[in-house]
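Residue numbers (my numbering), protein chains in the order written: chain S, 1 to 272; chain C, 273 to 544; chain G, 545 to 1067; chain L, 1068 to 1590.
None of these hints come from the bench; they were simulated from the model.
Glycine included, C-beta positions come from ideal geometry on N, C-alpha and C.
Incorrect hints may appear among the rest.
Unchecked claim - Partial list, computed: chain C residues near chain G (C-beta under 7 Å):
1) SER313
2) HIS342
3) LEU346
4) GLY347
5) HIS348
6) PHE350
7) VAL409
8) PHE453
9) GLN466
10) LYS467
11) LEU471
As the list claims (entries may be wrong) - Sample of chain C residues facing chain S (criterion: CB under 8 Å; computed from the structure):
12) TYR299
13) ALA307
14) VAL308
15) VAL310
16) PRO317
17) LEU318
18) THR336
19) LYS358
20) VAL370
21) GLY485
22) ARG489
23) VAL503
Unchecked claim - List of simulated lysine-lysine pairs, DSBU-like, C-alpha gap at most 30 Å:
24) G:LYS992 with L:LYS1442
25) S:LYS60 with C:LYS332
26) G:LYS919 with S:LYS86
27) G:LYS717 with G:LYS1022
28) G:LYS1033 with C:LYS418
29) S:LYS146 with L:LYS1562
30) S:LYS177 with L:LYS1556
31) L:LYS1556 with G:LYS988
32) L:LYS1562 with S:LYS177
33) C:LYS467 with S:LYS86
34) G:LYS988 with C:LYS394
35) G:LYS717 with L:LYS1442
36) C:LYS467 with S:LYS60
37) L:LYS1556 with S:LYS146
38) L:LYS1556 with G:LYS992
39) L:LYS1442 with C:LYS358
40) S:LYS177 with S:LYS263
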Amino acid sequence: MSMTPTERPEAPKVEPTGPEPHLVKPYGDAMGDGAVQVSFSLPVPLSDESREAARRLAGKMGLTEPQVYHEADLGHGFSYFIVYGKCRHTVDIARIVVPRVAAAPMGFHEIDEFISHRLGRKVRVIGACTGSDAHTVGIDAIMNMKGFAGEYGLERYTNVETLNLGSQVPNDVLLAKALEFRADVVLVSQVVTQKDVHLTNLAELVDMVEAEGIRDRVLMICGGPRITHEVALELGLDAGFGPGTTPTRVASYFAQELERRWKAAGGAPVTR
Amino acid sequence: MSMTPTERPEAPKVEPTGPEPHLVKPYGDAMGDGAVQVSFSLPVPLSDESREAARRLAGKMGLTEPQVYHEADLGHGFSYFIVYGKCRHTVDIARIVVPRVAAAPMGFHEIDEFISHRLGRKVRVIGACTGSDAHTVGIDAIMNMKGFAGEYGLERYTNVETLNLGSQVPNDVLLAKALEFRADVVLVSQVVTQKDVHLTNLAELVDMVEAEGIRDRVLMICGGPRITHEVALELGLDAGFGPGTTPTRVASYFAQELERRWKAAGGAPVTR
Amino acid sequence: MEPKLDLDPEAIRRCRKAAGAVAESVLRFASERTTASIERATLRLIGVEGADADGVPLVNRVVDCDAAKSILPSGISLAFGKAMVATGLDASGTARAVADGKLDLGKAVAGEDEARERVAALARAAGGRVAAVAAARNAFLDRLGEGRRPLLYVIVASGNIYEDVVQAKVCVKAGAQVIAVIRSTAQSLLDYIPEGATTEGYGGTFATQANFRVMRTALDEVSEEAGRYVRLCNYASGLCMPEMASLGRMERLDVMLNDALYGILFRDINMQRTLTDQAFSRLVSAAGGIIINTGEDNYLTTADAREAAHTVLASQFINEAIALRCGLRPWQLGLGHAMQMNPNDEDMFLLEVAQAQMAREIFPESPLKYMPPTKFMTGNIFRGHVQDALFSLASVMTGQGIHLLGMMTEAMHTPHIHDRYLALEATRMVMTAARNLSEEMCWKPDGKVRHRAAEVLARATDMLEQVEAEGLFAALEKGRFADVARSPKGGRGLKGVHAKSKGYWNPVEDVLRDAVALPGRSE
Amino acid sequence: MEPKLDLDPEAIRRCRKAAGAVAESVLRFASERTTASIERATLRLIGVEGADADGVPLVNRVVDCDAAKSILPSGISLAFGKAMVATGLDASGTARAVADGKLDLGKAVAGEDEARERVAALARAAGGRVAAVAAARNAFLDRLGEGRRPLLYVIVASGNIYEDVVQAKVCVKAGAQVIAVIRSTAQSLLDYIPEGATTEGYGGTFATQANFRVMRTALDEVSEEAGRYVRLCNYASGLCMPEMASLGRMERLDVMLNDALYGILFRDINMQRTLTDQAFSRLVSAAGGIIINTGEDNYLTTADAREAAHTVLASQFINEAIALRCGLRPWQLGLGHAMQMNPNDEDMFLLEVAQAQMAREIFPESPLKYMPPTKFMTGNIFRGHVQDALFSLASVMTGQGIHLLGMMTEAMHTPHIHDRYLALEATRMVMTAARNLSEEMCWKPDGKVRHRAAEVLARATDMLEQVEAEGLFAALEKGRFADVARSPKGGRGLKGVHAKSKGYWNPVEDVLRDAVALPGRSE
Ligand code: B12
Ligand code: B12
Ligand SMILES: Cc1ncc(COP(=O)(O)O)c(C=O)c1O
Ligand SMILES: Cc1ncc(COP(=O)(O)O)c(C=O)c1O
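Could you build all of it, start to finish, from the sequences and the hints given here?
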């Protein structure tokens, strides 16, 4: 009945997923319960049978005790289901290694100074939203003066020279402009991802840059809501940035990576 | 350019899931795309690795191209994910047979007349919400005068005598009252389903009724939001009714089923 | 908040008058009785803790012993005092001696004065300890505050108190300001309080003293992290209502659901029992600075929200009248109401807002407890999430005090960890986006909203005057609330009610009444 | 709807005056020019259909032929008329002859009068056919109605027109009143309209005449089933804007997105080209009874909704002024605006409602097209569903005319079949529950809502007077709209613009102008 916290019982910690804590499994309100919510439509009218089909489908997904909590007749031969169940699967999180953009985060001023002290000259950055993609908000967030999420964009850096080509830029135009601008860094934004057009687009650009023989002279960076660093590497770019990226993250990366490369090459490539 | 509908091209029908239309698969916006939405929490903090774990988990569920669209750090070692992917699995809907309550639907007056003409005496129905379950709205919807969804409840039928025991009725009390009331039909409602308490409860009741030797004299019907006819049959009851059940559906069933049984037995059991 | 509905003050006055008469009569009835649980609560408050080898609490062993039958009408205190004197042990030790059969309570013949003095001293000490608990809460509140109103209230109900702790912490991170631990299904029908920290419950977690402590400790910890005091809520209801209130008070619970009408209507607890228990329980909470929540919101699960809205208001008036007379102050009255109309009804949002605004204006100093849609929630979690959003908007638009979070999975299960996160996130978003909506808008004279409020108030007035005339018991028998009828002798727990004998003595009650400036009752 | 904001009528008058001047100047500019697409549209309207073996539309083959270069400044009509006389074929046949190289357009020397008469007759016939289309729509509307406002507008965008039909039907069952078929990404940059029914597009379905028919036929079918006329929407925008408007008019589209500013700012289409195209397009839509939707809502995806709200209003005034001068009537102006504030900003709902209500009061006869939150939608579909619910509430509270359905999956993909079902369901629920909210409430004088509206109006007034002073082209060059700057010679399509020569002749335009009671222009 006493009130001093020290006399209170220590709350034992709830153990993650039993004996092998690295085997993770969904959690609803008890360790190991596997609670998962699923929803989908089926191209069959609503009936007892289609409801059962939805249940079985969840079963095939590895959900035990699948329960159809909502069903709707969408009409014209379609039905919709919301199903809950207990996921049987586990994932061994200890075995997962995700590649990360390796760069110590720096601030606006720090980066500007880093470039002037360690790189010795201004960095030239060209950017574009390529193909038929007209979504410039992402690339602008990184490049424009006004920046994003309270950070200035690259245009505001003293030691970064920028050229933002805007939207709907064909890969060949980007390449030509990059050559003309003698870009050290190419920034490509891809927002539209229907039919994986972003992957095709980026792969094509890498091919063109390689064919031009300048792949080792430019740092190729892509970004967009569905871009990950892993995807970028797979496509042959140097780095990829996803949702919520801020200018300093990108600039920290290219500044440090250029330093590494230029050091290894014995100096910065001349610009003009 | 002409405007008369007859001259217009006939819109060809979109084929369900390719060559084998009985193999159904989720549908998002193209036949066979398998689009499925999934959400769950993992008992690990949010990180690149846990996001990847979420993706892989969806992969194990048979979703190709799993994409984590939302992630949240719930704190204290938990993370939450919303994932979309394309379900690989199909279900053969042609092979699905769902047991149905076999009774022609009848209306309020029709049932009352059916009972008086075909059964020859009033039907005695006892109802309860059993165990520790206090959710009476469901059983009341079926039994109360005022009824449900615009239909009168059983209490309003001239040829049904009712006894509604209300909530939290222990199985032994229900059995005793059923004997005393000489019930033809027992209605049991089970709403609380935590830890499958409804299944345990219903199974126990069936056992008790059998032990009492009166199983063939009473029609045992259960209902509740998580009850299906199939579950009821598995538990040894005669019928089960789920969400949205209306009084006429239940009454149509017991009237017709009692007729069948009483005919087979050569007459109604005497009531008192 | 400046009034918007131009409600009829005369109608409100009539309601308060009728409710006052109802309350007086109920409290008179209660004052003439005691119950097993009141006596057990008394023992708990003077220090009896622990259980026997079978897990039966010692307070039950004492109050259920053979001798107690004849003792209870006079109160357990004197007999127990004599036993203490006889054994020379402390309260728990004495109770254990009774439980072990080492001492027959009926045969302890120690001097009456000494026995009385002994128990009275313990009662005073208990009063002091409890005051310290309230002071500790106030210190937290002064230092950390508790964030804006409405307080966001979420439930945890995993069945395992340690799992509940994890979930509660996650809720607090997502913005929860009150954590309510829901009890295991049907605990309210138990005539004892289980002992110890528990990990098995269904539909909720057992309310035990140890569980209260585990959760309070955890919340104190996250309160510091979050920089705001997080309130803990549990239930002072069911057959152990007075004991629950007492434990809650001792373990620094901040909010307790406490409403005899809920037990009567929805748990089929005997009305004599629980109304008597409630009088004692509210007294316990009053001095403890506990906010009570009442259960009128539940009426609309069995009755129709359009038709029966006035019964909610009438019940709020009755609950207010009883509570004030038990020493609770207006800021402690979390009067319940709920948003339970069919969301597909035209203008239902307007009618719901009318009700919420009306309650707000009638009980301006009380932190109304606003309950989300539950009845019309379905397995369609997406639609449900939007129903809850409308509810959040209604809440912030009408200045509610305690906002129960609606869960999109309401029709399915007690919430999963992310259900609460999503609910808190959406609620905070809606409330932020419309934070000052109420300041900005007015309701047109002669519009549906004002008409609805006036109509509900008028019907509540009629109903209350009828209840005053027939008495609360008769009204309950006629099914006036929640469409449920209960008889005075029906339900559970009647046998635990005892008419007080002349010499009834309960020093704990005296201390409690004194603390809230009500006149003493014993002797 | 009775006004609630007490807006300054003088400010509104000044806005209309400035916008009028801007419109006059833009239309004067346009009247002095023609474009490849205007001439192609003219050919389509007089009956040229079909494509060559490579799928290049015959209208493109005609307008792009070597001889056309020198012909276009005078308009294609006369030369084409001569060719028709020369070949003796119908319009399509003649065009095919040109395409096949069987006839050199520059060398057709038939009598001018006969040629003019021939084309003028076709133009008059086209006018008649088009009037019949409008009459057919009105017959549907008279017979079936179209349900309450706001009209619920949903998109289909599967890329496959047949799949779109299925999805559209499902939408109609769920309550959709307008079906918009989104175009395949970047179709607006194509300087021709693909031919035939198509099943491959991404991010949308190609807009083709055949696709228009397929969908209109299907919607007529479900309109009968649903007992209400379902409108069809597509885009009269991009490099083929005038042709799209013409096809839309012929195939009984009911709503068309049509806004040169959108193309300039978001598609980098040359401003001279698209503003010239727009003048013709709006004329086409005017007599066709088509509702146009403008694209100011898009500004707030690149500019900040708090800061740039007045640019939306200013643009609405300009669009209104241009549209009215092209013969459109107020009921045909679906002026765009959007709910695009950060939902976590305090009182953002109030500011959004202020904007929506203000637009409603300033353009009382126009069916404002209200765009849901898109910018602040994330992969969190649950939160997004609630953002959309707030939007629906704002919409019904402020009497919007066309309500674009927000989709919880906005940040992810063009909608899945159930995304729309869920969106329609939730929207209908919110709108039903709060149907008469607007009738019931008022905004306090001196409150944030009225202040916000007044401030936005004042800033729009300043902006419009500035645009009037500097001219629209200069304003666009300075990035005054949407934070995007465009130059008069930049962007796509400039080479398709031709200064009209003295003898420019376009009998179709004359018929169109006549139909909407504007003076003719040719000769
Ligand atoms: C704004 C918007 C538009 C505006 C674009 C205006 C403009 N100038 O950008 C307008 C209205 C013009 C528009 C049009 C269309 N849109 Co749009 N649009 C959006 C919307 C609402 C927001 C996008 C956005 O601005 N996000 C904010 C920015 C800051 O985020 P971000 O792009 O992810 O950028 C961040 C990171 O990804 C990263 N990043 C991005 N690029 C780069 C590059 C580098 C190098 C680096 C380092 C980092 C980086 O950093 C940024 C900052 O953190 C989205 C829906 C949504 N809520 O996401 C749809 C959306 C992107 N649009 C879509 C579509 C389909 C279209 C259309 C094609 C539709 C059509 N058929 O007509 C049209 C045509 C445009 C075209 N061809 O591209 C789809 C795409 C579907 C898909 N996955 O493919 C979406 C998801 C909507 C939907 N559900 O259908 N759209
Ligand atoms: C109303 C309600 C209450 C009311 C009940 C009042 C009363 N007298 O019934 C009150 C407030 C008292 C209450 C309390 C509790 N409730 Co409650 N409650 C609900 C709620 C909101 C609605 C249930 C309802 O009335 N549905 C409407 C009726 C008409 O539907 P129905 O029951 O499905 O009945 C239909 C069919 O199923 C069928 N049917 C039903 N029974 C029968 C029987 C027969 C024979 C036949 C033929 C047909 C039939 O026909 C009916 C008409 O179509 C649900 C949430 C929800 N929205 O579903 C939670 C819910 C059922 N409650 C729940 C819980 C946990 C509780 C508590 C146990 C919480 C606690 N720990 O204290 C308490 C205690 C009560 C107890 N021990 O049972 C959970 C159950 C979780 C689970 N799956 O196990 C739910 C799902 C809420 C949640 N998400 O946590 N509750
Ligand atoms: C007022 C009130 N008391 C108690 C309860 C909980 O029930 P029990 O006491 O049966 O656990 C509720 C549940 O909603 C309630 O509203
Ligand atoms: C006014 C307007 N026009 C056109 C479009 C569509 O773009 P496009 O013409 O590029 O297909 C939009 C898209 O939102 C729009 O708002």
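Status of the hints after comparison with the structure:
{"no.": "1", "hint": "SER313", "result": "5 Å, holds"}
{"no.": "2", "hint": "HIS342", "result": "10 Å, violated"}
{"no.": "3", "hint": "LEU346", "result": "5 Å, holds"}
{"no.": "4", "hint": "GLY347", "result": "4 Å, holds"}
{"no.": "5", "hint": "HIS348", "result": "5 Å, holds"}
{"no.": "6", "hint": "PHE350", "result": "6 Å, holds"}
{"no.": "7", "hint": "VAL409", "result": "6 Å, holds"}
{"no.": "8", "hint": "PHE453", "result": "19 Å, violated"}
{"no.": "9", "hint": "GLN466", "result": "4 Å, holds"}
{"no.": "10", "hint": "LYS467", "result": "5 Å, holds"}
{"no.": "11", "hint": "LEU471", "result": "13 Å, violated"}
{"no.": "12", "hint": "TYR299", "result": "4 Å, holds"}
{"no.": "13", "hint": "ALA307", "result": "7 Å, holds"}
{"no.": "14", "hint": "VAL308", "result": "5 Å, holds"}
{"no.": "15", "hint": "VAL310", "result": "5 Å, holds"}
{"no.": "16", "hint": "PRO317", "result": "10 Å, violated"}
{"no.": "17", "hint": "LEU318", "result": "12 Å, violated"}
{"no.": "18", "hint": "THR336", "result": "12 Å, violated"}
{"no.": "19", "hint": "LYS358", "result": "10 Å, violated"}
{"no.": "20", "hint": "VAL370", "result": "4 Å, holds"}
{"no.": "21", "hint": "GLY485", "result": "34 Å, violated"}
{"no.": "22", "hint": "ARG489", "result": "30 Å, violated"}
{"no.": "23", "hint": "VAL503", "result": "11 Å, violated"}
{"no.": "24", "hint": "G:LYS992 with L:LYS1442", "result": "36 Å, violated"}
{"no.": "25", "hint": "S:LYS60 with C:LYS332", "result": "10 Å, holds"}
{"no.": "26", "hint": "G:LYS919 with S:LYS86", "result": "26 Å, holds"}
{"no.": "27", "hint": "G:LYS717 with G:LYS1022", "result": "46 Å, violated"}
{"no.": "28", "hint": "G:LYS1033 with C:LYS418", "result": "26 Å, holds"}
{"no.": "29", "hint": "S:LYS146 with L:LYS1562", "result": "34 Å, violated"}
{"no.": "30", "hint": "S:LYS177 with L:LYS1556", "result": "20 Å, holds"}
{"no.": "31", "hint": "L:LYS1556 with G:LYS988", "result": "55 Å, violated"}
{"no.": "32", "hint": "L:LYS1562 with S:LYS177", "result": "23 Å, holds"}
{"no.": "33", "hint": "C:LYS467 with S:LYS86", "result": "13 Å, holds"}
{"no.": "34", "hint": "G:LYS988 with C:LYS394", "result": "57 Å, violated"}
{"no.": "35", "hint": "G:LYS717 with L:LYS1442", "result": "26 Å, holds"}
{"no.": "36", "hint": "C:LYS467 with S:LYS60", "result": "23 Å, holds"}
{"no.": "37", "hint": "L:LYS1556 with S:LYS146", "result": "26 Å, holds"}
{"no.": "38", "hint": "L:LYS1556 with G:LYS992", "result": "58 Å, violated"}
{"no.": "39", "hint": "L:LYS1442 with C:LYS358", "result": "26 Å, holds"}
{"no.": "40", "hint": "S:LYS177 with S:LYS263", "result": "26 Å, holds"}
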